[in-house]
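Asker: Sequence:
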Amino acid sequence: MDIAIDTSKSRYHVDKNGYYGRFGGAYVPEMLFPNVEELQTKYMEVLRDPDFQKEFEDLLRNYVGRPSPLYHAKRLSAKYGAKIYLKREDLNHTGAHKINNTVGQILFAKRLGKTRIIAETGAGQHGVATATVCALMGMECVVYMGEIDIERQAPNVARMKMLGATVVPATSGSKTLKDATNEAIRDWINNPLDTHYILGTAAGPHPYPDMVARFQSVISEEIKKQLKEQEGRENPDILIACIGGGSNAAGTYFHYLDVPEVKIVAVEAGGKGVHSGFSAATTQLGQIGIIHAAKTLLMQTDDGQIIEPHSISAGLDYPGIGPMHAHLYETGRATFLDATDEEALAAAYELSLLEGIIPAMESAHALAKLKDLELKPSDVVVLCLSGRGDKDLNTYIKHMKK
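Residue numbering for the sequence shown follows this note's numbering, starting at 1 and increasing by one per position.
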């Protein structure tokens, strides 16, 4: 695999200044500037190193369990009248796509000489993946997580602690992912020398959006090879992924961004309805602003105060999207849809009954929009099943009782 692939001529990848169109950049406090500058200077140099690539690929294959299957979901296909494939990131070690990025970033952190790792997490999938690679490498791990998310994702909190991580609750604001990210950035400011911040999504200051997308690009690279084997062609007609910050979507789209015949669909969390006051549908409700050191679309009031998002899915409960995705929205390269909490729940139950797969609540948002795509029998659709639903079992049980 080539995570250092040249994207300099692409309209949709990051430019030399760290921007996607007018989104991106690195709006960091002065104390963090040396850290971010070090990342910007060294990340592509490290990614191009054949020894780094060899170690990364070996861990993906023998530790993570890649390649993940591309599964033809026959009963789901029959229901929606198209040939639907699920990219089974839920079968990775730790149960989600997040491990692809944490393996890459901890190898990168070792080459920078860092000895301490911090991370933020919403649904807990990134926190578990970070705690896992820290245990693998014998490094200290501190994970910040919103107090509300700690309560609704208790199994993942237990996993992180069992793996040796310290889980620190974020008790400010909405006590969810946004606030956990704030706390992680504060930690990084106070510990700039020995600490690497493993950011879990394709957001934050440059180079994180591009670095995370490259580590996750193994998803689209495998889709190309697997679709060629199964369909005789590399390109699907439609690619679908859910979007909070956008890491699984960035990895799913990466090798298809400059292939215009492939329709790209992104599904945000509509919550209780886009205009209900309880939503996380950023492209519908957002404006340009700065969040977590990057210029992007975010939900904010007219005077720039962040509007608290809502989603039944902890991983999508974020008031912004990564700058790549903001650019894809603005240019029209991707079609952005939104799924409500109820639609996502229905889709999760449907996949469980049709295919025997209980999806993560995040992935269920993408599944929920199959019904709105006006699919044809000849369409080949690939949907990223970003994680498994064990972590959401309490939520599923709660709604089954109704």
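These are calculated hints, taken from the structure and not from any lab test. Hints are supplied without guarantee of correctness; some may be wrong.
As the list claims (entries may be wrong) - As a list, the in silico DMTMM-like pairs of lysine to aspartate or glutamate whose alpha-carbon atoms are at most 20 Å apart:
1. Lys16 to Asp51
2. Lys110 to Glu231
3. Lys79 to Glu343
4. Lys263 to Glu231
5. Lys114 to Asp49
6. Lys175 to Asp49
7. Lys161 to Glu147
8. Lys74 to Glu308
9. Lys263 to Glu374
10. Lys16 to Asp237
11. Lys175 to Glu140
12. Lys263 to Asp237
13. Lys110 to Glu151
14. Lys371 to Glu350
What the hints assert, rightly or not - Label pairs and their calculated CB-CB ranges:
15. Gly81 to Pro192: 53 to 61 Å
16. Arg75 to Thr166: 38 to 46 Å
17. Lys54 to Ile288: 39 to 47 Å
18. Asp372 to Ala158: 43 to 51 Å
19. Ala135 to Thr331: 24 to 32 Å
20. Asp372 to Glu140: 42 to 50 Å
We put the CB at the ideal spot given by N, CA and C, even for glycine.
Asker: Going through the earlier hints one by one, which of them does the structure break, listed in rising order?
Answerer: Violated hints (numbers, rising): 1, 2, 6, 8, 10, 11, 13, 18 and 19; every other hint is consistent with the structure.
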